[in-house]
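Asker: Each chain is listed here by its residues.
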Amino acid sequence: MSLYIVKRLGWIVFNLLILSLIAFALIKSVPGSFLELQMLLGQAGTTATGLTVSEIDKIRGVETEMMKRWGPTVPLWEQYITFIKGVVTLNMGPSFRWPTQTIEEIIKKTFPVSFTVAILAITIAVLIGIPLGIIAALKQNSWIDYMVSALVMIVSAIPNYVMAVFVIFLFSFWIPILPTYGWGHPKNYILPVLAMAFGPIGSIAGYMRTSLLDALKQDYIRTAWAKGGKERHVIFGHAMKNSLIPLVTILGPMISHLILGTVFVEGMFGVPGMGQYFSQAANSRDYPLMMAQTVIFGLILMIMNLVVDIIYFFLDPRIRVSRR
Amino acid sequence: MNLRKSLTVFLSVLILSSSFLGIAYAEKVFRWHGSWGNTWDLSFHQGFIWVHMMGLSEGLMKWDKDMKLINGMAESYTISKDGTVYTFKIRKDARWSNGDKLTAHDFEFGIKYILDPKNGKGSFFGGAWYIKNAKAYAQSEISDPNQVGIKVIDDYTLQITLDGPHPDFLTTCSLPTLYPIHKASVEKLGKKAFEAGNLVTNGPYRLVSYTPNVEYILEKNPYYYDAEKVEIDKIVGKLGGDAFLMYRRNEVDLINVGPAQLPVIEKDPVMKKELVIFPQSTVNLAYILAFDHPAFDDIRVLTALQKAIDKERICKFVYRGLAKPAYSWVTDLIPGSTANDPEVIEKFRYDPEAARKLLAEAGYPGGKGFPTIHFLINPGQATDPLILAVKSEWEKNLGIKVVIDNLETGVWSVRIWQLHDEPTMSFSGASILYPDPAAPLTLNYVEGALAGSLKRKDVVEYVKLDIQKTEALKAGDTAKAAELTKKQRDIIYRRSTPEARKMLSLVQQAQKTADPNKRLELYRQANKIRDLNMYSYGWNRSFILIQPMAARLVRSNFEVPFNKYLVGFPVSFAYIRTKE
Numbered sequence: 001m002s003l004y005i006v007k008r009l010g011w012i013v014f015n016l017l018i019l020s021l022i023a024f025a026l027i028k029s030v031p032g033s034f035l036e037l038q039m040l041l042g043q044a045g046t047t048a049t050g051l052t053v054s055e056i057d058k059i060r061g062v063e064t065e066m067m068k069r070w071g072p073t074v075p076l077w078e079q080y081i082t083f084i085k086g087v088v089t090l091n092m093g094p095s096f097r098w099p100t101q102t103i104e105e106i107i108k109k110t111f112p113v114s115f116t117v118a119i120l121a122i123t124i125a126v127l128i129g130i131p132l133g134i135i136a137a138l139k140q141n142s143w144i145d146y147m148v149s150a151l152v153m154i155v156s157a158i159p160n161y162v163m164a165v166f167v168i169f170l171f172s173f174w175i176p177i178l179p180t181y182g183w184g185h186p187k188n189y190i191l192p193v194l195a196m197a198f199g200p201i202g203s204i205a206g207y208m209r210t211s212l213l214d215a216l217k218q219d220y221i222r223t224a225w226a227k228g229g230k231e232r233h234v235i236f237g238h239a240m241k242n243s244l245i246p247l248v249t250i251l252g253p254m255i256s257h258l259i260l261g262t263v264f265v266e267g268m269f270g271v272p273g274m275g276q277y278f279s280q281a282a283n284s285r286d287y288p289l290m291m292a293q294t295v296i297f298g299l300i301l302m303i304m305n306l307v308v309d310i311i312y313f314f315l316d317p318r319i320r321v322s323r324r
Numbered sequence: 001m002n003l004r005k006s007l008t009v010f011l012s013v014l015i016l017s018s019s020f021l022g023i024a025y026a027e028k029v030f031r032w033h034g035s036w037g038n039t040w041d042l043s044f045h046q047g048f049i050w051v052h053m054m055g056l057s058e059g060l061m062k063w064d065k066d067m068k069l070i071n072g073m074a075e076s077y078t079i080s081k082d083g084t085v086y087t088f089k090i091r092k093d094a095r096w097s098n099g100d101k102l103t104a105h106d107f108e109f110g111i112k113y114i115l116d117p118k119n120g121k122g123s124f125f126g127g128a129w130y131i132k133n134a135k136a137y138a139q140s141e142i143s144d145p146n147q148v149g150i151k152v153i154d155d156y157t158l159q160i161t162l163d164g165p166h167p168d169f170l171t172t173c174s175l176p177t178l179y180p181i182h183k184a185s186v187e188k189l190g191k192k193a194f195e196a197g198n199l200v201t202n203g204p205y206r207l208v209s210y211t212p213n214v215e216y217i218l219e220k221n222p223y224y225y226d227a228e229k230v231e232i233d234k235i236v237g238k239l240g241g242d243a244f245l246m247y248r249r250n251e252v253d254l255i256n257v258g259p260a261q262l263p264v265i266e267k268d269p270v271m272k273k274e275l276v277i278f279p280q281s282t283v284n285l286a287y288i289l290a291f292d293h294p295a296f297d298d299i300r301v302l303t304a305l306q307k308a309i310d311k312e313r314i315c316k317f318v319y320r321g322l323a324k325p326a327y328s329w330v331t332d333l334i335p336g337s338t339a340n341d342p343e344v345i346e347k348f349r350y351d352p353e354a355a356r357k358l359l360a361e362a363g364y365p366g367g368k369g370f371p372t373i374h375f376l377i378n379p380g381q382a383t384d385p386l387i388l389a390v391k392s393e394w395e396k397n398l399g400i401k402v403v404i405d406n407l408e409t410g411v412w413s414v415r416i417w418q419l420h421d422e423p424t425m426s427f428s429g430a431s432i433l434y435p436d437p438a439a440p441l442t443l444n445y446v447e448g449a450l451a452g453s454l455k456r457k458d459v460v461e462y463v464k465l466d467i468q469k470t471e472a473l474k475a476g477d478t479a480k481a482a483e484l485t486k487k488q489r490d491i492i493y494r495r496s497t498p499e500a501r502k503m504l505s506l507v508q509q510a511q512k513t514a515d516p517n518k519r520l521e522l523y524r525q526a527n528k529i530r531d532l533n534m535y536s537y538g539w540n541r542s543f544i545l546i547q548p549m550a551a552r553l554v555r556s557n558f559e560v561p562f563n564k565y566l567v568g569f570p571v572s573f574a575y576i577r578t579k580e
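Here the protein sequences line up with chains U and H, keeping their order.
Counting from 1, position 244 in the first sequence corresponds to residue 244 in my numbering; the numbering is continuous, with no gaps.
Counting from 1, position 268 in the second sequence corresponds to residue 268 in my numbering; the numbering is continuous, with no gaps.
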């Protein structure tokens, strides 16, 4: 097992290098630069003809810290190597858009927030989604099953920013018990977590239902019934354990997506997480932050997949046996 | 009276008086939504410079509630006879928010910090450009900051030498590019000096906390020289979320309102009462990008395009009253505006018939043979109904074709600067920050306008010189770079259109004129020339909602003229309400 983990970690490093190289090439080939955007948006038409702006831009090109790493006078290969060195030594330099903060500081501040919100959302999704899926599977083809399936479909289809508006109206206006915006108090977590949990509730309930139905059709379950097993024992003692395994597969990527895919929800509720920073980075061509984002997202996804594989190893004895 | 009764009376009095005192000394908090920024570093234009202006920092000069320029950190000043040397005496009771004394060294440091090319790309240079060698230093044409015309005579005396007489320089001393920066903090902490927790400022407020994308909190600065007059104890600025929902939930006291919210407000009698409207000095306009086409050299075409737009209808129905029809690019709030010039109004009055006639006379009857006009917009402008309205008016009234190119922001930022084969325009708003005729027509702006009138071959030559300059700077040859810059200026000044050069000449004359009436007239004539190349539609009006409780704190300042000059930030001087 240890050897397996070491091998996987090695592959992760290799894959991240490839990912960072592809991301760098794509980011650098996209038109527009941070400086052009800032001068343009800052001057808003006063030098719309642009020539004076580009003059200033080029003259200043060599001076600042950000330009020393990413400026037009620095060769592309050197920019990439500097970035990789920065990742390894945790010295990725300042963000363009947030110039008094380094990338590491931004991540240090925002990652725990995004991670906490994502974990809380997944926890709620699991606590609600699994029972819903079980009920739907056990009452297959009944009105309960249809109702749960319809609910699952609806919440899965509604984007989380629409859900955010819904929960605001529900808990800030119709039943005014929670604030619409703000951070720093435990009650500020409730609405953003709810908004983000609905989608996963739908996915988890759907998977649980399908997986349990599949497990209940297996021979070993028929054997358990034939041996006189009680319903609770057969379902929760045998079927449930095996039907949870496929669910583990989706939870890992789900957590990754929740950590980084929360831009709208963060913006609506004032959550100081990673999502808003990274979305703004793309719009403003904040290269350091865009590169860091890509590497982090890739890392989180790969680590989550590794964790899922490790959990599989312990959950499914067939995998342990096959590894011998 | 027995003991129990006495105790009851005593406790009742104690509780009542505590409540009374609690009410009397309840912290006054003002919460508002808006004023986004990403850094508190004054050298960054995209930073929180607006919040600095509103209460964190104070310059040598400031405005009172009647829009009169008064002394700020300077207790007095003298101006040399030729109008180029300003000597300021800094007030001796001026303190930073950490208690340190504020001196002339902090002003020298602050101005040079903002100009330093190693720092932020602040485009908000305003009056700093008037200072001798300031522009050259900021643009790396000289490397020694001591050559910039700022001198500390002693701890409380600052001398600033300009490159010529600029009557509006004192006004610009109230703007952020001439603010002081706490030298000791920056020398000790570098860029970290501008983070919440470290930031030291000299205005009526100080920054106590800041969560990016979420909110910032300001509290009264106890060391401010006029601290006893500052009434609001705390200001909370919200940076995200749905402002309208937050207002309705009473989580903020003041928000700006857009066209989408107006119908809801009009139906709500309570919110209707809470709505405050006042004019602003921002104009919504379309501007011409770099292209060569003979059609746009013809004044009949330019006039036809102006006359084909029904501004009254656009402002009434498209903007729902959030803008007033504009017949000049500078609003009537600014001296030197041509807004009330009957000739200008008549020239740009909506008259589709006259517009079609002019276009026909220019050789494009019914729009036949007229080139396609492209509107380059970014996603932030995609939902602006004005752009569709202008397209519709030109197509309907003139029979010309207009195409909207909706581009991703980065792509848009590149295409904006390119040379186009067909007439291309983009849309923006232009804000004038203070009521002086020089404010809209800074030299920087005028040079940009000159450059915009160049023909294609001149633009290509200009850009070639640019590339050579970059190579020279890479090689460390600043002398060659300076020589190439001169050649570029030559192109702009000699090969731009006669009208553009006339505008420059008028501005240059105005800058040297001491007679205020003559100066005003010169700027007015320059504005008249500029009007033809700018397609102005509406002068913004601010529609804000303010909670009644908060209004009592700030309402008396809302209609002050100053608020018209800050785009969407109507809380300046809200903190200073003289206790009467």
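No lab work stands behind these hints, which were simulated from the structure alone.
It is possible that some hints are incorrect.
[To be verified] Quick partial rundown of chain H residues pointing at chain U, CB under 8 Å, derived from the structure: (1) 44; (2) 164; (3) 167; (4) 191; (5) 409; (6) 410.
[Said to hold, decoys possible] A few chain H positions that, by computed beta-carbon distances, are all more than 10 Å from chain U: (7) 238; (8) 241; (9) 277; (10) 345.
Even glycine gets a Cβ: it sits at the ideal position worked out from N, Cα and C.
Asker: All hints are to be evaluated individually against the structure, with a verdict given for each.
Answerer: Hint check results:
1. 44: holds, 7 Å
2. 164: violated, 20 Å
3. 167: violated, 21 Å
4. 191: Because about 4 Å separates residue 191(H) from the closest Cβ in chain U, which is inside the 8 Å limit, the hint holds.
5. 409: holds, 6 Å
6. 410: The hint holds - residue 410(H) has a Cβ within 8 Å of chain U, the shortest such distance being about 3 Å.
7. 238: violated, 6 Å
8. 241: violated, 4 Å
9. 277: holds, 23 Å
10. 345: With a cut-off of 10 Å, residue 345(H) remains clear of chain U, as the shortest Cβ separation is near 23 Å.
The earlier numbered hints that this structure contradicts are 2, 3, 7, 8.
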